[in-house]
Amino acid sequence: MNSSNRQPLLQVEHLKQYFKPRRDYTVKAVDDVNFEIYPGEVYGLVGESGSGKSTIGKSVIRLYTPTSGKIIFKGTDISGTLTKDARDTLRTKMMMIFQDPMASLNPRKTIGDIIGEGLDIHKQYTSRDERREKIVSILKKVGLSPEHYNRYPHQFSGGQRQRVGIARALIMNPDLIIADECISALDVSIQAQVVNLLKDIQAETGSAYLFIAHDLSMVKYFSDRIGVLHLGHMLETGTTEEIFANPVHPYTRSLISAIPLPNPGLEKRRKVVGYDYASSGIDYTVGSNHVLEGTHTVFGTDEEIARWTSKQ
Amino acid sequence: MEEKDKILDIKNLDVSFRTSAGTVHALRGVNIDLYRGETVAIVGESGSGKSVSMKAAMGLLAPNATVNDGQILFRFKNSSGEIEEADILKKDKKWIRRNINGKHMAMVFQDPMTSLDPTMPIGRQITEGIIAHLGLSKKEAWEKARDLLLEVGITDAEKRMHHYPHQLSGGMRQRVVIAIALSCDPDLLICDEPTTALDVTIQAMILDLIMKVQKTRGISVIYITHDLGVVAKVADYVNVMYAGKIVEVGNVNEIFYEPAHPYTWGLLSAMPDLSTDDVRLYTIPGSPPNLLHEMPGDAFAARNPYALAIDEKEHPPMFKITETHSAATWLLDPRAPKVEMPAELKARLERMRREAQG
Ligand SMILES: Nc1ncnc2c1ncn2[C@@H]1O[C@H](COP(=O)(O)OP(=O)(O)OP(=O)(O)O)[C@@H](O)[C@H]1O
Ligand SMILES: Nc1ncnc2c1ncn2[C@@H]1O[C@H](COP(=O)(O)OP(=O)(O)OP(=O)(O)O)[C@@H](O)[C@H]1O
Ligand SMILES: [Mg+2]
Ligand SMILES: [Mg+2]
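Chains as they are written, first to last, in this note's numbering: chain V, 1 to 312; chain W, 1 to 358.
Please note: incorrect hints may appear among the correct ones.
To be verified - Estimated spans, in silico, between C-beta atoms of each pair:
#1 V:Y277 <-> W:P337: 57 to 63 Å
#2 W:R217 <-> V:P146: 47 to 53 Å
#3 W:N253 <-> V:V273: 22 to 28 Å
#4 V:G80 <-> W:N290: 20 to 26 Å
#5 V:T26 <-> W:G218: 41 to 47 Å
#6 V:K140 <-> W:T322: 47 to 53 Å
#7 V:I121 <-> W:A302: 56 to 62 Å
#8 V:D24 <-> W:R217: 34 to 40 Å
#9 V:D129 <-> W:S287: 20 to 26 Å
#10 W:D156 <-> V:D77: 33 to 39 Å
#11 V:K123 <-> W:A302: 55 to 61 Å
#12 V:T26 <-> W:N290: 48 to 54 Å
#13 V:T26 <-> W:D208: 27 to 33 Å
No lab work stands behind these hints: they were computed from the structure.
In this text, a Cβ means the ideal position worked out from N, Cα and C, and glycines have one as well.
Starting from the given sequences, assemble the full structure and let the hints guide the process.
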């Protein structure tokens with residue numbers, strides 16, 4: 001994808017998101033992260049559990065107020081206090097599919113009403129029939145059936161619940177969809193169906209995705225570019241091809257070596273390349289971003305980058 | 001050689017749920033066997049009844065559930081050291097909670113938030129069970145809890161024990177749940193999508209950890225997972241589930257290299273592998289069956305390009321292929337026409353086998 005001469009849809013600049021669960025304890029969940037997403041692009045975010053992926057998603061959609069840094073969406077800075085206009089754009093043009101479906105679906109509402117919520121708030125229909133039609137059509141698109149309309153979240157399987165969250169986001173035709181682990185609870189055929197659906201929607205409406213997932217084979221398949229996070233730091237970013245063909249940061253290499261292979265004979269003797277930050281000698285607070293080639297960027301000191309790139 | 005010790009035997013389990021739209025017939029005769037020390041994976045379509053089967057085994061069915069038929073025989077060492085067999089379906093919830101859950105059987109759920117108490121720091125949530133089931137002192141329990149957290153890869157364990165669930169990332173929450181499950185040395189560990197919330201490195205670590213614990217303590221593990229890579233890594237045997245039934249069972253090599261049921265063919269065709277570059281992923285045609293309606297024949301028939309006339313009328317029985325491998329498809333009936341799996345899948349499986357040997 002040639003993105004050099006286009007305006008990014010989303011720019012995240014020096015984003016920091018800190019939490020202070022106790023007075024004497026700060027969690028630097030996101031620490032100086034930069035990336036951008038172009039219209040119609042899929043940006044995959046991968047990294048260790050707890051590395052800040054969901055937090056980035058929630059900061060971008062402004063469930064959190066960033067500690068510092070800038071978030072620019074469709075040319076407007078949305079990192080500070082939001083004007084009414086900015087809030088409206090945000091609410092209709094950006095949607096998030098949450099990782100924890102049970103925690104994000106109101107247990108007292110029927111599936112139909114949960115999915116129709118966005119339509120209701122923004123009055124995107126002229127009659128009850130049209131509303132129902134829109135909801136039923138999206139239910140079918142995500143592989144649920146019209147009979148599910150009046151059921152409650154707890155009456156669904158994990159994967160069915162996840163698809164409710166997907167339907168709720170897609171029904172608004174947003175420009176940016178933040179999909180946080182939206183397929184991991186689904187069986188492989190429905191995963192394939194949802195990913196095909198996300199691709200269709202993208203072709204149809206030109207929406208872009210921030211695609212957060214642990215399943216690296218799916219990330220590889222779906223994403224145009226990938227960012228690798230660890231402990232709140234963006235360590236490596238580039239096109240999917242650049243990252244998978246030539247992973248440079250030791251963490252990225254370890255991550256790729258850990259992908260389980262759906263082949264019992266191979267899998268039972270696969271070796272994971274270990275990575276332990278504490279004993280690696282690497283310090284994420286020193287160093288800078290080095291552009292290797294194209295968009296492939298790695299964070300480290302000059303010496304580290306020289307060492308990591310001379311290995312092969 | 002010692003005779004294999006069967007610890008769980010689910011026989012013909014049939015369960016339905018009452019809902020406002022009608023009766024959902026979720027389990028339609030499920031059979032699952034598990035021997036001590038072995039690992040069984042249950043894979044299959046979302047909504048096919050994997051979680052409900054395991055909730056039934058733990059006596060945790062929802063209040064709107066009805067058990068129409070079946071037995072769930074669980075064999076465990078009771079407090080006097082004798083092997084006791086119980087039919088979970090015949091026991092009341094209180095007995096199960098007191099004698100089985102957490103102690104002999106532990107479960108790690110798909111959604112960690114449902115098994116953690118949001119109002120209690122995680123340290124206390126782990127120690128509670130340890131104190132109740134193992135009778136350790138508060139201080140000993142705290143130390144054991146901390147060691148368990150370290151074991152599941154939570155490095156700043158001491159600090160984290162004061163945190164509430166919402167202050168942890170999704171993956172950390174799941175590791176806490178796994179620590180709780182392991183805390184009382186169960187005989188049977190049931191993991192429902194234990195690692196979907198985890199990144200691949202932690203996933204590998206957790207699976208290795210469970211495999212290690214399994215070896216040293218001789219526990220049996222049931223994994224429910226959609227990740228066929230995980231299945232390939234951990235499973236001895238695989239059960240494939242569709243619309244409330246087990247449609248194929250076999251050892252892990254049989255299921256991956258010689259699948260016999262058309263649903264299993266579809267499943268294996270849909271997984272992306274690292275070399276997938278196709279524009280679209282394969283998906284099984286049609287939509288999942290509606291469990292509100294009774295199905296006279298094979299539930300998969302409508303989506304099965306290889307369906308035979310008899311599939312519309314009659315459920316296929318389990319046809320035995322080897323001692324360990326069976327599948328419920330009429331294609332295996334001696335009278336059926338000879339049908340091979342799709343050529344693309346065949347080529348892919350051949351490639352997989354070559355890679356496995358190479
Ligand atoms: N509300 C909060 N209060 C305190 N700490 C928090 C809060 N939310 C997240 N954190 C911490 O921030 C860090 C990043 O969490 P986040 O949920 O973004 O991780 P993640 O990359 O999405 O992980 P996972 O893959 O496990 O979902 C973790 O250390 C987490 O404990
Ligand atoms: N309490 C309930 N009331 C009504 N229907 C239910 C209830 N619990 C489960 N079901 C239905 O029973 C079927 C089996 O559900 P189950 O949770 O076992 O699926 P699963 O195989 O675990 O799927 P997934 O892979 O998505 O987790 C589904 O169709 C589900 O909608
Ligand atoms: Mg997350
Ligand atoms: Mg389930």
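Non-conforming hints, listed in increasing numerical order: 4, 6, 7, 11
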